Structure formats: C-alpha cells, structure tokens
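K.L.:
Go ahead and model the full structure; you've got the sequences and the hints to work with.
The primary structure of each chain is shown beneath.
There are 2 protein chains.
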Amino acid sequence: MSEEKQRTESKKERKAQMEKAAAKLGWLQRQLKEEKIPVLITFDGLDAAGKGLQINRLIQALDPRGFDVYTGDRDGEEERMHPFLWRFATKTPANGRITIFDTSWYRHVQQDYFDGMTKEKDLDEAFTDILAFEKYLVDNGVLLIKFFLTIPEKEQKKRFDKLEQSEETAWRVTEADRARNREYKKYKKINEEMISRTSWIGAPWHTVDSTKKDAAALAIMNTVNRCMEQALEEKKRVKEPGIYEGPLPPDRYKKGILVKTDLSKTLEQKEYREKLDKLQKKAEKLHSELYRLRIPVVLCFEGWDAAGKGGAIKRLTSHLDPRGYQVCPTASPDNTEKAHDYLWRFWTRFPKDGHIAIFDRTWYGRVMVERIEGFCTEDDWRRAYDEINAMEAHLVHSGAVILKFWIHIDKDEQERRFNDRMKNPEKQWKITDEDWRNREKWDQYEEAVNEMLERTSTEKAPWIVVEGNSKYYARIKVLKTVVDALEEKIKEVEKAKKKHG
Amino acid sequence: MSEEKQRTESKKERKAQMEKAAAKLGWLQRQLKEEKIPVLITFDGLDAAGKGLQINRLIQALDPRGFDVYTGDRDGEEERMHPFLWRFATKTPANGRITIFDTSWYRHVQQDYFDGMTKEKDLDEAFTDILAFEKYLVDNGVLLIKFFLTIPEKEQKKRFDKLEQSEETAWRVTEADRARNREYKKYKKINEEMISRTSWIGAPWHTVDSTKKDAAALAIMNTVNRCMEQALEEKKRVKEPGIYEGPLPPDRYKKGILVKTDLSKTLEQKEYREKLDKLQKKAEKLHSELYRLRIPVVLCFEGWDAAGKGGAIKRLTSHLDPRGYQVCPTASPDNTEKAHDYLWRFWTRFPKDGHIAIFDRTWYGRVMVERIEGFCTEDDWRRAYDEINAMEAHLVHSGAVILKFWIHIDKDEQERRFNDRMKNPEKQWKITDEDWRNREKWDQYEEAVNEMLERTSTEKAPWIVVEGNSKYYARIKVLKTVVDALEEKIKEVEKAKKKHG
Chain A
25 MSEEKQRTES KKERKAQMEK AAAKLGWLQR QLKEEKIPVL ITFDGLDAAG KGLQINRLIQ
85 ALDPRGFDVY TGDRDGEEER MHPFLWRFAT KTPANGRITI FDTSWYRHVQ QDYFDGMTKE
145 KDLDEAFTDI LAFEKYLVDN GVLLIKFFLT IPEKEQKKRF DKLEQSEETA WRVTEADRAR
205 NREYKKYKKI NEEMISRTSW IGAPWHTVDS TKKDAAALAI MNTVNRCMEQ ALEEKKRVKE
265 PGIYEGPLPP DRYKKGILVK TDLSKTLEQK EYREKLDKLQ KKAEKLHSEL YRLRIPVVLC
325 FEGWDAAGKG GAIKRLTSHL DPRGYQVCPT ASPDNTEKAH DYLWRFWTRF PKDGHIAIFD
385 RTWYGRVMVE RIEGFCTEDD WRRAYDEINA MEAHLVHSGA VILKFWIHID KDEQERRFND
445 RMKNPEKQWK ITDEDWRNRE KWDQYEEAVN EMLERTSTEK APWIVVEGNS KYYARIKVLK
505 TVVDALEEKI KEVEKAKKKH G
Chain B
25 MSEEKQRTES KKERKAQMEK AAAKLGWLQR QLKEEKIPVL ITFDGLDAAG KGLQINRLIQ
85 ALDPRGFDVY TGDRDGEEER MHPFLWRFAT KTPANGRITI FDTSWYRHVQ QDYFDGMTKE
145 KDLDEAFTDI LAFEKYLVDN GVLLIKFFLT IPEKEQKKRF DKLEQSEETA WRVTEADRAR
205 NREYKKYKKI NEEMISRTSW IGAPWHTVDS TKKDAAALAI MNTVNRCMEQ ALEEKKRVKE
265 PGIYEGPLPP DRYKKGILVK TDLSKTLEQK EYREKLDKLQ KKAEKLHSEL YRLRIPVVLC
325 FEGWDAAGKG GAIKRLTSHL DPRGYQVCPT ASPDNTEKAH DYLWRFWTRF PKDGHIAIFD
385 RTWYGRVMVE RIEGFCTEDD WRRAYDEINA MEAHLVHSGA VILKFWIHID KDEQERRFND
445 RMKNPEKQWK ITDEDWRNRE KWDQYEEAVN EMLERTSTEK APWIVVEGNS KYYARIKVLK
505 TVVDALEEKI KEVEKAKKKH G
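Residue numbers (my numbering), protein chains in the order written: chain A, 25 to 525; chain B, 25 to 525.
Derived from the structure by calculation, the hints contain no laboratory data.
Values in this document were obtained by computation on a predicted structure and should not be read as measured data.
One thing to keep in mind: the hints can contain errors.
For chains that are exact copies, the list does not tell them apart, and a pair is met inside one copy or across any two.
The calculated BS3-like cross-link candidates involving lysine-lysine, where the alpha carbons are at most 30 Å apart (straight line), are [to be verified]:
#, residue 1, residue 2
1, Lys115, Lys447
2, Lys115, Lys362
3, Lys454, Lys362
4, Lys36, Lys309
5, Lys115, Lys376
P.N.:
Dropping the structure here:
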C-alpha cells in the first residue's frame, strides 16, 4: 500500500472510530441522566493547545439539553470580588447534567501563578482548598474528569505565529501567552508540579498531547466514555446507602457545650436601649469601612425554633445600608437545589467583597435536620464536618470574616414562646405543627448541636453560643460580637495595607 | 402646650402610626404571598435623597424570607454587555415575592442621560422600551410600585457637605453628584419630563419629598400598603380568567404562510457537502469577528417535531468556538420558572455582547403550545404578540442580530420520520407519546403558527420559513441565512465605527 493510501485508510478508520465513540457517548449521556449522575469535565493545558476546538468536538456528540459550557478564563468583576473557587462552585452540575469548564480552578495555581497574580505564599493554601473542593464534589457523587492538553514548545510557537499572521485572529495572542512560550520549561515545571500535587484517586489527571487534533479528540472522547462507564458501574454497586464503618458516636455529645450555658444572664430594658443605640451606630460606621476596604462578611444564625434569630438579625441590620447587606433565609431546598451538591445553594449567595451576607439558618442543616430526619446517609453527615470546615476555610483564605451564632434557650422558655405565639393573632403565622414536632426531638438535636459546635468551631470561623432566654441580652451579645470582630478585622487589614504600601 | 412638648407629642404619634403601618405591611406581605402576587418596588430620585435609608426602613417591616433588594447603580461588566433592561428583567419577582430596586431602569433615561452616557438620539427608543417592559410586567400580574424621592437643592448640597466632612463618607460624593447639584434645575427638568412620560395607569409614579426622613418613611409605607390592598382587591375580582373581548380570530390564519411553502426543494449530497464545508468555515470566521466587535446574536429555532431543528443546530455550531456560543434548549418550565413572568427564563439566557445564543424552542411557546393546551388564557396569548415584539425590539435596539427559523415539513414527512425513529434502537429515545399527541393537533398548530409568523415577523427580527422535507436543503438554508445576516451586520457596525472614529 502506498504511503498516501495508507494515510487515507487510517483517516477513514479514525473517522469510523470517532463515529462509534460519539454514538457511545450519546448513549452514556442518557444513561447518566437516568441515574442522575452529575458530571464535571475540566479542560486545562498550555495556551493554543486547542481547548476550545476539543470541547466543541466533544459536545457535538452530546444532547444540548444536557450540558453547559463555561469559560474559566480571566476573572470578571464579579469573580474578582469572590474567592477563586466561587465561580466554579456556583456552576457545579445538577444531577444528570454535564458541566464543562474551558479552563478551571487550576488557572489560579498555574497561569495566574506564573503571571505573578497568585503569590508564592498563598500557593499551599490554594492547593489545600482545591483538593478539599474536589474531594467534596467526588464524595457527593460528582463524576469529575480533568483533562490537561499539551503541545510541544515549537508547535506552540508555530500556532501563535499562525494566529498572528491574520488580522482577525492576531488579538488572541497576548504578550503573556508569548512569555509563557518563551519560558516554556519553567512553565512546564509549574504544570508538572501542579499535576503531581493534584492527581488523586477520586479525580486523576488525563494528559493529552493535542498536536494532532483528530487523535486528541478521539483520545478525549474515549477517556470520557471510560470514566462514564466506571461511574455507572459504581452507581450500580452502591444502590444501598453506605453503612458508616467508623467508630460509633461517643456519648459525650449528649452532654456538651449547651448544658454548660448560663441561661440566667439578662439585661434591663434601659441598659439594653442605650447599648443597642450605641452598637447600631457603630455597626453602621463599620459597615461603611468594610465596603471601602472590600472585606466580605458571613454571619450565620442557627438556634432552636423561637430562640429569637429573626429579632437579633433585625436589630443587627436596622441601621445598615441595604445595598451592602443581604439576609439569606434558608428554607428546605427546592427541586433545583435538591438536584445539586448540598453546598451549592449557599455558594450562590456568598457575599461579594465589601458586602455582608446574613444567613438565617445555614449549611449546618446537613448535620442537624438532615442528620436527624435521615435526609442524608450517616456517611454524608459525618463527612460534612470536614467539608464545611474546608469551605469556610476557603472563605477565610479569601479574606472573609465568618461568625456563627447558636442562639440558645431552654425547653421551658421555648414552650412559653410557642404558647405566646399561639395566643397572639399577629404572631400565629410564625408557629407551625413542624415546630412542635421538632420540639419532641429536642434531645436528638441537642446531641447533634453539641457535636457540631465542637467539630466545626475554628479559630477563624468560630461558633458563639448566645444565651437567649433574655432577648435583650442575646441581641446585645450578637451585636457586640459582630462589632468587635469587624473592628479587629478592619484594624488588621489597615495594618497590612500600610505595611505593603 | 409648649413647642417642645408639641414636638415630642407629634413624634410619639408618628412612631405609633409607623408601628401600625409596619404591622399592616407585614400582614399584607403574607396575604400577597398567599395570593401569589409578585411585587416590584423601585426607588429612584435625586442623589443623597436617602434611598438606602428609606429602603432599610421599609424592609424592617418585611419578612426577610420574602424579598430581595438589588441595586441598580452603575452597571458592572456583565450589565454593560447586555441591553439596559436585562439586569432588571432577570430579577423580576417570583409569585408572592417582593423585589426592591435601589435605582431602577430609569437611571438610563435620567442620570445616564444627564451624564451623557445615554445619547439624545436613543432616548425615544429607551422610553418606548421601558413602557413596553412595564406594561408587560403589569399585564402579567406584577404589582409595580415606583417611588421618586426628591429633596430641595439646598438640602442636597447640605447633605453632600456633611458627607464630605467625614473621611469615612467623603468617597460617597462624586464629582458627577456635585455636577447634578450645581445644575439642579436642568436635572430637575429631565426628571420631571421622565416622570410625565412614564406615569401611566398601570404604574403611576409616587413622588416623595424625603427632607424629613420619618415623615417620608411613613408616606412610603402607607403608599405600599395602599397599593398592596388594591392589588388584593383586584385579584379577588378577577378570580375567573378574563374572557377575551376582541374580535374573534379570523379564519385566514387557517390557511396562511405555511401552505405556500414549497416543500419540494431539495439538495444533492455532493453539493450539500461542498456548501456545508464552505459555510461552516465562513461561520467560524464571522463568529470571531462578532466577538471582536461585541455583537450579540440570538438565533431561534422552532418547527414541527422531527423537523430537524437539532440537526440544523449541530451543523451550524460544529466549527464554532464553544466559549462564544450557547445552545439553550427549552423544555416545559420548571416550578421556579412557572412562578415568574413567562419571559423571565429567557432573559436569563440572552447572550452577552459578542456571544451567540441559540434557542432550541423559544418564548414562542406562549402562542403555540400554551395557546393550544390552554396553559394560559386567551387574553394572555393574544397580548403576547406585542409583548414579544417589544422584547425583541429592545434586543435589536441594543445592537443584537435576531433570526427566527420555522423549520417546516409536511404531515407525511413527519410520519415517516416518527416511524424511522421508532424502528431505530439508537433513535427511539427521541420519540415520545407526546409527539404523537401533538401530531393529532396539527391543524390547530398550523393556524397558530400562521398567526405567529404574520404577527411577529419584523424587519429586524424576521421569521424565516425553512423548507425542511430535505434535511440537506434545510441545513444549508439555515447556515446561509445566518452567514449572510452576520456579514451584513458586521459591515454595518464596521461602517458605523469608521464614521464615529
């Protein structure tokens, strides 16, 4: 066979293989949809390696009703005002859907690091956050497939040159691109280190040489197919909810932090009014400072039903500028929210830099109501402590203030308040049968709360137990804690600013 | 009574009135939630009139689980890349919820106009778009309450001075603010004209002098309460779906555009392949140009089941960069979508400048499936032609290319394709019982489609009927139409650019 004929033959063969792989991918997509498996595919790699082209090849085989493509290139205004994982965490796929990222969170430790936008000193933290994020996704059922596209140094240069030759495409090649080509070896080392630090069993890297476009497209499609098949296999294996194999929960959480709380603390009305007025004015002033210094703030409110969360939030916000804060009430998840990883609906509401987000109930529902009502498996809620700590750590790394309030009252006080609500026609709507049902599970909740307070109170994202039998006392304690924390953070940021000019 | 005593008394009285109004507002909020009435409250006005403060006073009386506050100040990156109504149209309230805008769409014809960012020549178009948008909201059940806060010239200057005295607040006063104060009279005239042009029965303006903060807060709350009461009254009155009182639908739509379509048009495979290749390469190049020139493109695909929408879309996109286009499939609305005005779910997917959005089925469902299946009232779908034309006009005003394809096949061809799908195991998933049921209503659909094509084909957002019995012919016609339209638009934009430097 002549060489040319051979080439034609192999081209034909590749086309046949490609068609077969595409048909299979279409079939697999439908299976994964049926099994409600969410899929996240990331494409990173060298500049001009052809990520866009390869993604387009891949999606041609997919049902467009089932996937979304997002670019992770250059952060926009919104993205710059959030932690670097935010833009991705808010776009994770729903069950049965596919999300494709053209450039993922890895840009932060790769290109941005090479370009000097991510500092050496922040690199370890960033890797920790990335690995925790990926672990969270994979543990919560996301099929995560990571591609890294490479091309040799010379091929890259050739592609840049070609792009620059035409007026229509010249703008695509930036000076930064050229710099990364000039220092190909240095950049390669950064990439290799990144890959070796983040290739783990739940989400290994797939490196593809994309010099030859067709061969690369086939390799990518085959990899996706293989991963999807594995995911289907695995899903079949674990039809039963996994039984937790760790040690049994120690009894010590039955009696924990809560029982030690001194609920006799109280405050007189006159003192309350004076302090309230002073603290509210201070909060207003600090809010303006936060905005100027672009500090994001996350305030979490949890507590027994009728403990006074709403009232405390109202006093906290009454003097704040509504453009700079948002109260985020948490109800049971709706269908869209249920179809996502459980932290997704909170990611979408995290504050921009300079803004305050106040959560009336939070992601801690995972280790309270979901644990107690069996809305998730034991595996799920046990894993959640670490997952939540990691997420909060990421917010802290990005400069956020996080405070978590548990407003505590005793069982008698709750009964009094429930009865008050029942009697008062203007407050009746506030009390439901569910409140009474929850009350019957007081002891179970107390155990769960104790465990939560111990496992998730960290230095930078602490729990504050607020003695709530006296509403006056509780509201002032919340306001004062917030004011103190904000003052401290503002000082810290001002100091750092002066130090670095 | 001494003067001081009198003041104390009137202050006390106002406080009592305020508390009463707040309790009422809380009650009304719950009633409107129950009746599923969406509420949109906008605050515009003069700088330093205290919009933020007034909004905060108002929301203190509301259940935070029921409202959202958004700022309409200064467009961010995302907003600048969309028509000016986009940031608002994507945030309209769901049924039973309240959305509050601190600065609304009026900024575009007020502050932005004064500052020279909105040009004189675009003003009329902008007013038309605003009024159509408000009419759409009100007609679709949104309670729209518009506030305009004023303060006298001297009071405004005093407030600016006070803000500037303190280091912490000085940054809030910009040179533009000062300019608007210096030219108070000129700016006042702009505002008065705006108010007179846009006060209409469905959404009159409420002007509030906010020199005295407490009095203004009370006036605002009372106005909101009054409007809410009216909305509740009205809702009760029209429990029955309104009967359409216009002329009966003319029979002429039974035989219309579709019947004149020549479905014998066809294309040979060889010619198809050549043209396809050429056009796809051209589309790729033009896509890059669009991006550079920041032209947004909206492509709509409608047609009979199995007409070949998916295949046409696939050929259209196969060479495009996935970062620059998105296929938006339209299924029946989910619960969140159902709770919003019917165009909301499309607004959220309109393309940024420089991007292409391809809709596989569209908002025209309102005048096809929703009309035929009775998912909306006759009033609703009859109104929809104008509502849709207005929305598309707004996109066109912002510089978008809009093309709408009706892919047409005849009833026999559909049957052939349905049967093919049933026989082919790889295509069986594409055919459902619903497809067969829809087929039985062919004549009703034909009538609706004819009316739609006539009523909503406009010069800048035309319908193109594609002869679809030959898939080859249809795909090429779609591609060619898109390529031609893009070329023309690019030429037009290039020309305008050269003219204006």
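K.L.:
Are any of the numbered hints broken by this structure? If so, which, sorted upward?
P.N.:
Structure breaks hint 1 only.
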